[in-house]
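Peer 1: Taken in sequence, the protein lines are chains A and B. Everything in the first sequence is counted per our numbering, starting at 3 for the first residue and increasing by one. Everything in the second sequence is counted per our numbering, starting at 47 for the first residue and increasing by one.
Because the hints were derived from the structure by calculation, they are not lab data. For clarity, every value in this text was computed on a predicted model and none was experimentally measured. Treat the hints with caution; some may be incorrect.
Okay, derived cross-link-like pairs now, DSS-like style, lysine-lysine, Cα gap no bigger than 25 Å in a straight line [as the list claims (entries may be wrong)]: (1) B:K148 with B:K601; (2) A:K98 with A:K5; (3) B:K343 with B:K366; (4) B:K391 with A:K5; (5) B:K366 with A:K49; (6) A:K17 with B:K601; (7) A:K55 with B:K601; (8) A:K85 with B:K418; (9) B:K683 with B:K667; (10) B:K429 with A:K85; (11) B:K601 with B:K584; (12) B:K148 with A:K49.
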Amino acid sequence: MNKTINLTLKVWRQKSRDEKGRFETYPAQGISTDMSFLEMLDVVNEKLTVEGKEPIAFEHDCREGICGSCGSMVNGRAHGPLKGTSLCQLHMRHFKNGDTLVIEPWRARAFPVIKDLVVDRSALDRIIQAGGFISVNTGSAPEANSLPVPPLSAEKAMDAAACIGCGACVAACPNASAMLFVSAKVSQFALLPQGRPEADRRALGMVRAMDACGFGNCSNHRECENACPKEVSIVNIARLNREYLHAGFVSHER
Amino acid sequence: MRLDAKIPAGPLPQKWDRHRFETKLVNPANKRKYSIIVVGTGLAGASASASLAELGYDVKTFCIHDSPRRAHSIAAQGGINAAKNYPNDGDSIWRLFYDTVKGGDFRAREANVYRLAQVSNAIIDQCVAQGIPFAREYGGLLANRSFGGAQLSRTFYARGQTGQQLLLGAYSAMMRQAAAGKVHLYPRREMLDLVVADGQARGIVARNLLTGEIERHAGHAVLLCTGGYGNVYFLSTNAKACNASATFRAYRRGAAFANPCFTQIHPTCIPVHGTYQSKLTLMSESLRNDGRVWVPKTPGDKRRPTEIPEAERDYFLERKYPSFGNLVPRDVASRNSKEQCDQGKGVGETGLAVYLDFADAIRRDGRATIAKKYGNLFQMYDKITGEDPYTTPMMIYPAVHYTMGGLWVDYNLMSTIDGLFVLGEANFSDHGANRLGASALMQGLADGYFVIPATIGGYLAGTRFADVETGHAAFADAERQVSERITRLLSVSGSRTVDDFHRRLGLIMWDHCGMSRTNAGLAEARTLIRELRTEFWKEVRVPGSASDFNQSLEKAGRVADFMEFAELMVIDALARQESCGGHFNEAFQTEENEARRDDQNFCHVAAWEFTGEESDPRLHKEPLSFENVQLTQRSYK
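Pulled out of the complex, with its shape left as it was, chain B reads as follows (with noise of 0.2 Å):
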């Protein structure tokens, strides 16, 4: 396996013009023999779907929900970037990639960063002219909102439901060339696994998740849009059905995997609060601006918040953050919680919770101008704990929410697999070792819409096709051994539920290969995971047939996955050693306990290839060059 990112040459702002100029192209007349395989609906799937089919492609695309509205895009809240600079405050397309380089702890690649900066602006077009309901000013003009701690205004937003509101924009294209013929609608299909015929990639098998029959899919080029693995930790802030199945396929399938272990957790979500519970739920980052964090000074305090006097609380991110307060970066503020609950101080029935108290602010701004504020997402706890947060403090806590890491990807966003093309959350491109706010949004538009369309047609046009249709040798094959497996997960008849091991696959994951982490407990990680994994096979229960609607089944095979997957996770980890972003290796941290980077030895992309079930993968790196920013270490004293 060689990794060859294919960067153009040039300099950084014409890499992306010259790229397409030198692409070759598809003749218009040609498009509609090259038929395209799309596997998810989210932004980067919808967007895609559209735009190829716009372009004349034969699309089909898969989904596994019962609509292609539905997948996780759905759920952002709080905005897209743009580097429009609409408030005249100096932004620009080179501060919008400087940021994200420096916020992802420089392990992103200049190139692409720089060209996700470039198309931002065509993205905010495309949406508005599509009716999406942008928050306005009174003009009429497009409104602009700060967010994530950035020092201007460049993100767009439609209320607190932005992801909602781009998804359905890039829904209703698709729709619209579904109804003119030109994407074939799949959806209630879950792909499990990717067909490889003479090294290209040329369709999948999926299973129709109402009848339970196995499909064989053929086209020309497969594209990824599945989203990431944040459900490995079970309860995360990802929807139930989220899960890294396509991608972890296509891994065993030789494509590389980058990073997985660079995983974001964000600090402000309402905690855990019972052993049944099922997922997590974010509050906006916002919060943390009038919001003061603390927790008792003395462990164990089981006290009412109300009833601990002001000299016995601890606000812990203002007395080690000085000059940064509450509003010290995701990272920082999601391991200073944990360690204060690790000293016994966490509050709630659980302990795990530190408060988020707004007494402060309401008594020096009023309650009507936090509730101007903040009223929806009080609303929204109220709703979720049944506590008023005006009148008792809010409890918070971390929970896993992004995972930069994803399949390894070209300038093209082409795997180690030709003709395997991923896009959004499930490549790692973009955002290095921590993605800022309101950038995910932006990367699964970017790919979709601007970028995968240029260079698809480039591929397409320079490849032979041999003839492969789904009678190959190599989906009966693929076919065979999914069915294989699915056998096998119904015979095994245990007596414990999948949920059972995932819950306890996640506390693992969350134990060892959280928020921070070390290299003995990635070691014992990696053998309680492969215990675990020993045990699910001769103790899992999957109820039901593989012939009908069947949601226990679908659960174990995205488990099983994960099971494997974890364990790629933790040996990622374990071989940077250094901090980076949402890698916190306790053994490299400055005095500050903030992450310590390794630029001599670290500086690259941890591409992984699978090898086989019994032996480890193998590592490739792609070594990262900055000739444009300088490294810099952060701090937030």
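Excised from the complex, chain A in its bound form (with noise of 0.2 Å):
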């Protein structure tokens, strides 16, 4: 049944890369329960256009949640309270009327603010980079059905693959690592006989990169599939570290 609620938000609000920020207090009226998160941010920013006032800046875009644009810590939860679920997909009748929600931007070293709510994300795309890819020009590819891959590797590739690229395992992790984005990849390929030829300097690759990018290490603290909204395991990472491991110590990529 359709009812609204009223909530207090209180905001980061950041001009700028090199500004300080600070927590601006908003408050969120007549909100209906049947709204998504972004779009009782929308409510709020509507308002504060027609009061001559800068709207709250925040990322968003299919809103289905598999783009993997959206993402604000609420009440120091990346994407809120709801597991298995991103910002987009948080409906507003998961909070109570007089809740008070503190919204932050992800916080980590390899993630600077952009304004408010956005963070500059860049270095996932440059761990990709890294080695986040099967080598094959378009027009090599064998016949599709010329290489059986079992079912439960597909499977499980599928599980890793599903992973959304939108950082909040970072956000999550005490040590701002993006282990769980990493593995998420080398995983996906590692269990794919197409990704096999290239698994040692893909890890090795990767793992680098993201070391450079100024992300922190895994401490098993497992915050990151918690945060997950694509929920992929951490078994992903022990996945890594073997792929790593052997890497590093046999190959002749090292």
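Two chains, two separate frames, one set of hints: put the complex together.
Peer 2: Structure (structure tokens):
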């Protein structure tokens, strides 16, 4: 049933990367519980605009949990309180009348703030460039069914490939590590025969790039898999460690 | 303006081979001297960037997102078609071609569609080699499923995330080239104008969305891979950033816009639930296999669905279409739902929804069977609406989903401007008046991986290029116009927000140029759009400045373009005095309320030429000739 609630928002406002940020308090009145979290922010922004103030900058696009654009800390939790749910799929019926919501950008050295809730996640693209691919030029692929793949391998690869690159794992990690992100891509390819020829190179290259970008290392807090909107498992981190160790000890690529 | 589709001679199956043989080649050592600008990084843009860079071209790729992995191709759920015939159920290139032409209600070019079917198999090979985790059978070979009412299984899929996986595959291939220094990536850039010098597309003017800086980028050819214009309706299943600005600006620079009135409305979306709603979410079409669509017989019946007895329900699709029932095609199902709601029988708080009821299926097959088939969709529905479809009927309503119209292109994917190529949903070429399920991914990747790498060489090798750098007067002129427009948007300082105008525009389009159209309604829409446009430039309020990260300003530019583009859609809809596929004019229907084509007078592509802001666009017709298929009338009774 449609009902409305009133909330108090404490939102991180920061004009640019180099300026100091601060929390601003905004009332969010008459919020329908059927709204998504981002629609609630839309309503606040419309009001700010009409009042002649600058609306809150936040990243979003598909609003159906797949593009990976959106994401903020809500009361200290990446993408808010609901498990396996990105911010755009979080609906206001999960909050109570009178709640105070503290909304912050992802916090990580490798993700500098651009404005308000928007951060620079280009480091994730640099990690992909360091090996997150299979080297096959267009046109040179063999017939698709010439290489059978055990269905279980394909399923596990798909579990890892579900990563949407939102950065919540980094934001949730006390070390701001990108290990879940890296391990998802390394695992997807390590599990498939197509990915084996470059497996060593990929694991070494992507981990090195992660370090170079300023992400921390994994110390098994498991906050990442808890925050991941696609519930990518830390089993993938274990697999990455095996791939990395193997590559580091015995491969020609080291 | 002369429309020459440049369709190669010879029998249909040999046209593409013959064309590739007859097309001039660029010497491998010379390719690096050609600089190609790619705008957009969805399936078409990412696959084109990767493939052209692999060939040795110097590629500059632009996207509006923070990362090129986020374009809306990523949201496609169902799958991608190919004519592999792995299930041995009688598929062939010819059958995929035929189904696509017929599905498009005979308003697409035979030669283009045949080529699409021909390259479909190589797309699957490429994607598998890239490590895309397609669904597999126990023996490890690829699985197929049927889709969108096709009579055979030709759809490849990766759970309900096929678009995501295909896009990440193309993105990975592109990132490999970026690492090799052959693709230069420009994320967070929005193309605001096309630069045409001496009749050739030679670059773009883009805004750096972080700094607000206006940048000039020069090249020997420009590829627009910027998607469709569904967001003209404000509410659609498109992502929020999807827009028509790149294609519309190219139209203003001389590229013909083809069939802008061809839009696709998808019947099974989660209904609008309030005036604050920002977008619509699609639910897979497969739900109609087991769900029964109904409304209360009495208008205004506000009882809970479970309280309405069987005798007081109207299963209108089953009643009107006894042989196809709930499985009628997308356009028919959509129009009928709207008709019921227009009669006041719609359900839910807004009255703009119909029930999709699984109670009978659950009684018949058991809850476990239904959960296995649709569990993830039921969960998604529950997440958004807070209602459990196992115990209470789903509510659905049609929503804008895809646009078949786009910039006119010839067989080489080149527009009416030399050197301006258009790929994927942004062009008009392959789907006619209606697109079949699982064909959008196929077309985006066909254009990017296999068509453009073969055709662009012919243009580059056969063209003399003057020395046009970013200092050229055409660049200065375009930049000046872009800057003036931004200043104008910021200086209106009215009292209404951009979204407010966008919603109102969307409503006009939905009411008058949506699922069902009338001449009077379209004429009225034209007046309303013009009035709204005038009001926009007097009353809009765009906060912030031009020289930083300003999302309101980004939106304002896109909505301003939609305000002009919407009128073009209405003009096209008025000019096409027939019904076909997604374009349904109430005056032209069969006795069974199906779209009635007029093949005598409208078997053509309508390509519109911009003639100035104050004058009407000029219509050019490209006649469509069908030598290999018989034109027929659809019936689903």
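Peer 1: The structure should be examined with respect to each hint, and the outcome stated for every one.
Peer 2: Taking the hints in turn, this is what the structure says about them:
1. B:K148 with B:K601: With a Cα-Cα distance of about 37 Å, the restraint between K148 (chain B) and K601 (chain B) is violated, given a limit of 25 Å.
2. A:K98 with A:K5: Holds, because 11 Å separates the two Cα atoms, which is no more than 25 Å.
3. B:K343 with B:K366: holds (14 Å)
4. B:K391 with A:K5: holds (24 Å)
5. B:K366 with A:K49: violated (47 Å)
6. A:K17 with B:K601: holds (19 Å)
7. A:K55 with B:K601: holds (17 Å)
8. A:K85 with B:K418: holds (22 Å)
9. B:K683 with B:K667: Judged against 25 Å, a Cα distance of about 34 Å means the pair is violated.
10. B:K429 with A:K85: holds (11 Å)
11. B:K601 with B:K584: Holds: K601 (chain B) and K584 (chain B) sit about 17 Å apart, inside 25 Å.
12. B:K148 with A:K49: Given pair K148 (chain B), K49 (chain A) is violated - Cα atoms ~49 Å apart, limit 25 Å.
In terms of the numbered hints stated before, the structure departs from hints 1, 5, 9, 12, listed from lowest to highest.
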